[in-house]
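Letter by letter, the chains look like this.
Protein chains: 2
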Amino acid sequence: MSKRTEIKTVLTDFDSRIGQEITVMGWVRAFRSNRFIALNDGTSMNNLQVVVDFEQLDEQLLKQVHFHACIKVTGQLVASQGAGQDVELLAAKLEILGGANPEEYPMQPKAQSMEFLREKAHFRMRTNTFSAVFRIRHGIAYAVHKYFNDNGYFYLHTPIITGSDAEGAGEMFHVTTLDPANPPRTEDGAVDYSQDFFEKPTNLTVSGQLQAEIGALALGKVYTFGPTFRAENSNTSRHLAEFWMIEPEVAFYDIFDNMDLAEDFCKYLINHILEHYPAELEFLDSRIQKLEQNMPKEQRRAMGLIETLRFVVDNDFERITYTEAVNILRSSKPYKKGKFEYEVEWGKDLQAEHERFLVEKKFKKPVIVRDYPAEIKAFYMRMNEEQEQIPGRTVAAMDVLFPGIGEVIGGSQREERLDVLKARMADMNVPEEELWWYLELRKFGGCPHAGFGLGFERMVQFITGMGNIRDVIAFPRTPGNAEF
Amino acid sequence: MSKRTEIKTVLTDFDSRIGQEITVMGWVRAFRSNRFIALNDGTSMNNLQVVVDFEQLDEQLLKQVHFHACIKVTGQLVASQGAGQDVELLAAKLEILGGANPEEYPMQPKAQSMEFLREKAHFRMRTNTFSAVFRIRHGIAYAVHKYFNDNGYFYLHTPIITGSDAEGAGEMFHVTTLDPANPPRTEDGAVDYSQDFFEKPTNLTVSGQLQAEIGALALGKVYTFGPTFRAENSNTSRHLAEFWMIEPEVAFYDIFDNMDLAEDFCKYLINHILEHYPAELEFLDSRIQKLEQNMPKEQRRAMGLIETLRFVVDNDFERITYTEAVNILRSSKPYKKGKFEYEVEWGKDLQAEHERFLVEKKFKKPVIVRDYPAEIKAFYMRMNEEQEQIPGRTVAAMDVLFPGIGEVIGGSQREERLDVLKARMADMNVPEEELWWYLELRKFGGCPHAGFGLGFERMVQFITGMGNIRDVIAFPRTPGNAEF
Numbered sequence: 061m062s063k064r065t066e067i068k069t070v071l072t073d074f075d076s077r078i079g080q081e082i083t084v085m086g087w088v089r090a091f092r093s094n095r096f097i098a099l100n101d102g103t104s105m106n107n108l109q110v111v112v113d114f115e116q117l118d119e120q121l122l123k124q125v126h127f128h129a130c131i132k133v134t135g136q137l138v139a140s141q142g143a144g145q146d147v148e149l150l151a152a153k154l155e156i157l158g159g160a161n162p163e164e165y166p167m168q169p170k171a172q173s174m175e176f177l178r179e180k181a182h183f184r185m186r187t188n189t190f191s192a193v194f195r196i197r198h199g200i201a202y203a204v205h206k207y208f209n210d211n212g213y214f215y216l217h218t219p220i221i222t223g224s225d226a227e228g229a230g231e232m233f234h235v236t237t238l239d240p241a242n243p244p245r246t247e248d249g250a251v252d253y254s255q256d257f258f259e260k261p262t263n264l265t266v267s268g269q270l271q272a273e274i275g276a277l278a279l280g281k282v283y284t285f286g287p288t289f290r291a292e293n294s295n296t297s298r299h300l301a302e303f304w305m306i307e308p309e310v311a312f313y314d315i316f317d318n319m320d321l322a323e324d325f326c327k328y329l330i331n332h333i334l335e336h337y338p339a340e341l342e343f344l345d346s347r348i349q350k351l352e353q354n355m356p357k358e359q360r361r362a363m364g365l366i367e368t369l370r371f372v373v374d375n376d377f378e379r380i381t382y383t384e385a386v387n388i389l390r391s392s393k394p395y396k397k398g399k400f401e402y403e404v405e406w407g408k409d410l411q412a413e414h415e416r417f418l419v420e421k422k423f424k425k426p427v428i429v430r431d432y433p434a435e436i437k438a439f440y441m442r443m444n445e446e447q448e449q450i451p452g453r454t455v456a457a458m459d460v461l462f463p464g465i466g467e468v469i470g471g472s473q474r475e476e477r478l479d480v481l482k483a484r485m486a487d488m489n490v491p492e493e494e495l496w497w498y499l500e501l502r503k504f505g506g507c508p509h510a511g512f513g514l515g516f517e518r519m520v521q522f523i524t525g526m527g528n529i530r531d532v533i534a535f536p537r538t539p540g541n542a543e544f
Numbered sequence: 061m062s063k064r065t066e067i068k069t070v071l072t073d074f075d076s077r078i079g080q081e082i083t084v085m086g087w088v089r090a091f092r093s094n095r096f097i098a099l100n101d102g103t104s105m106n107n108l109q110v111v112v113d114f115e116q117l118d119e120q121l122l123k124q125v126h127f128h129a130c131i132k133v134t135g136q137l138v139a140s141q142g143a144g145q146d147v148e149l150l151a152a153k154l155e156i157l158g159g160a161n162p163e164e165y166p167m168q169p170k171a172q173s174m175e176f177l178r179e180k181a182h183f184r185m186r187t188n189t190f191s192a193v194f195r196i197r198h199g200i201a202y203a204v205h206k207y208f209n210d211n212g213y214f215y216l217h218t219p220i221i222t223g224s225d226a227e228g229a230g231e232m233f234h235v236t237t238l239d240p241a242n243p244p245r246t247e248d249g250a251v252d253y254s255q256d257f258f259e260k261p262t263n264l265t266v267s268g269q270l271q272a273e274i275g276a277l278a279l280g281k282v283y284t285f286g287p288t289f290r291a292e293n294s295n296t297s298r299h300l301a302e303f304w305m306i307e308p309e310v311a312f313y314d315i316f317d318n319m320d321l322a323e324d325f326c327k328y329l330i331n332h333i334l335e336h337y338p339a340e341l342e343f344l345d346s347r348i349q350k351l352e353q354n355m356p357k358e359q360r361r362a363m364g365l366i367e368t369l370r371f372v373v374d375n376d377f378e379r380i381t382y383t384e385a386v387n388i389l390r391s392s393k394p395y396k397k398g399k400f401e402y403e404v405e406w407g408k409d410l411q412a413e414h415e416r417f418l419v420e421k422k423f424k425k426p427v428i429v430r431d432y433p434a435e436i437k438a439f440y441m442r443m444n445e446e447q448e449q450i451p452g453r454t455v456a457a458m459d460v461l462f463p464g465i466g467e468v469i470g471g472s473q474r475e476e477r478l479d480v481l482k483a484r485m486a487d488m489n490v491p492e493e494e495l496w497w498y499l500e501l502r503k504f505g506g507c508p509h510a511g512f513g514l515g516f517e518r519m520v521q522f523i524t525g526m527g528n529i530r531d532v533i534a535f536p537r538t539p540g541n542a543e544f
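First to last, the sequence lines map onto chains A and B. Just so we're on the same page, the working numbering is the position in the first sequence counted from 1, plus 60. Just so we're on the same page, the working numbering is the position in the second sequence counted from 1, plus 60.
Source of the hints: derived by calculation from the structure; they are not laboratory data. Be careful, since some hints might not be right.
Each pair may be met inside one copy or between any two copies, as identical chains are not told apart.
Taking lysine-lysine and the BS3-like style, the derived pairs with C-alpha atoms no more than 30 Å apart in a straight line are [to be verified]:
#	residue 1	residue 2
1	K503	K63
2	K327	K206
3	K424	K327
4	K350	K482
5	K357	K327
6	K170	K327
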């Protein structure tokens, strides 16, 4: 089978192949004028033009060259007569590998709604938009591994099934092998988890951070890249029940090192896509322009997709404290005019509308906000010294905010002082027994360290410009939906 | 904080630094003669020798330089006076970042049992053995991504939570948000899954293959690398309830292309580690030699660790059919002498003892067995033509067998013929309704394709020589164990 030439190779490395006979296989993206087949095999954004001669090929065969049929073509590669491509393939032999009867096939060679395409997740990757998105998704994932590998980090697989529910990041999915209709019971009628697979209740992880800290305090620099789960009943364009997270964790790093890492890392990912996926980005950029054509101006993007990406990599991220952010917001026009829905007050969390103001109106670039009030942040974040000008205690937490999508990164320096950590856990009702090992990490050979979590799909959304997070993951899991 | 120099940099790039003052941070691996600290920060297999002058440093401070304490040292880097290292650091300032009181700290500077270390998974990565294993594990994972990226594959995240239990690879974990003590019931008393998060029963995935086929039939060449789950009550050195799988899936590939890919891929991974992790491999190689010193000869490895790895990359894998394997086994000495515990008969699956004979005795190298009896293989494997010499129908399945660990790869060409697939699913009681999309993949734009699954931990075991699979994953999940 493997004697085919990949279309990407044909399109980019054709000099030596012109005049030669080659075989290609792929899916029909279009069949124009009963003469020109646009063939795509997934290797490239661009199609190969296959030229069909009705005299030479069987008419019945050509009638089966439908949209998204899979075909095999052998013929001579020649310099193209027309504009728009360097080469084209003169079909001498054509074989239908898999038909696609248009009377039954749900996909059509015209725009179909995103909602419809989500129901056809087994075919949507054959479209220009989704093939571009999923090639770029791959590119970002690869860049993640390359960045960390080249910088001396070790990839750590933290557990997916966890016996702890102390991480406090929202509702969790239970994992069990007990018969849900009739679980074994203890004498007092409770579910007898000693008979469950792990002999206790277990859940799907919401974060690998706490375990990543174990790795950092031995290997120095580690990162995770794995699935995480939230059983939140949020049916929005921003939430998934199953999504992928990247969590670097670094020994001897403080919050400032952490911010430097976050900025450098984001820019690296974006630069990698700008460099390696220009055709995909151009397609997605023009796709957005077309979508926005008929929108009122205030709903359109301030900048084009590629322009936005270049702007992010070419500028320093703005860095401000939470306290500064509150002051900026309270002296802003929308605040004074009562345009914010949510209150801005020291001690309360920033809402999406506030973050968007800071990023999109005030600074017009990514913003890193740090030193949040301790009361609204997790127990493991490092307590800052008290400061006279500031109304309450803060922790060395940071959020990286991006235009359009809001928070892509949340991180912190971790509390390495055992006594401070214990007091904070007591305050926040985090049970010590479950996290005995987390406490022991502070007792034996601990050190200052820091890390963050990057929501992978958020970053894919930012780089591809896709509006709904369900369109940047192949098989989205959301309330009521676990199809495929 | 970040003004430290990493120990790997100090040890490999010291010319320009000799005579300079540097700061390093890390964990104490040994403190000999009250004078020489072996310091490790995780970046390297090798330690930096820190030389302590009692006259210069506070005695009370030096008393805290315990095994695995975390310290910060500033001083002059000089060419080493002793043998065994190029450079050493003369400590001018020393600070304890995190103590490790030996009266309480469970880790000790002597050999401790693997079982004990598993209970101390939050500290075992600080040992030579485990830090070597987890650096190599990272290296293999990185090589996986690099191999596929460089060869034009796209990384696909297949779902972890699945609504299908038709994949037929063993017992599954249930995922639910219903209250296990008191789930909602329908009128007839069954659990009312319409009230569960996904509005139906869901499980943890056992394989991403079926969804990867979706990707292959659009993007051409894809791979998955994610966690998979088996709720089997197997308490062995070979089984995990949660483990990582790599599953490439390729359009237009047949079983022979698939075998070529598997062999090339395995060799690439091993070569990557031979090239990039020589110090780790040497350490693990000598570790095994020490372990085997007092074993009877027949229990020792036939070859050293590095020798085994070189042997695999330097030789072609043996390729035989299942029918040939059966014939070889039935004419073998152990068979004739009745040494095999399990029967060898066409139509029955090969057991570990048979596979080991083929790999370790007969061919002394990796073996790829293909064309297994249809009856013992999964529904999606492609049915071969009937052959006169062969007692039953076979499928285009393949297993790659490695010395010591047995099967590392299982794969097949997939059944792309809709009618054959439907007949096979009916035979094997696989419900069509659940896999409607899998059938539609054959109906619309299908083509021949193939792929395989590589058990990641098995490969890590092979390359590191670790005897128990629980020692090559950071936080093993096994029956009764979901700690950390």
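Hint by hint, here is what the structure shows:
1. K503 / K63: between (61 Å within a copy, 25 Å between copies)
2. K327 / K206: both (13 Å within a copy, 20 Å between copies)
3. K424 / K327: within (16 Å within a copy, 49 Å between copies)
4. K350 / K482: neither (55 Å within a copy, 43 Å between copies)
5. K357 / K327: Answer is within: at 29 Å inside a copy they meet the 30 Å cutoff, but 56 Å across does not.
6. K170 / K327: Neither: 35 Å inside a chain and 45 Å across chains, both beyond 30 Å.
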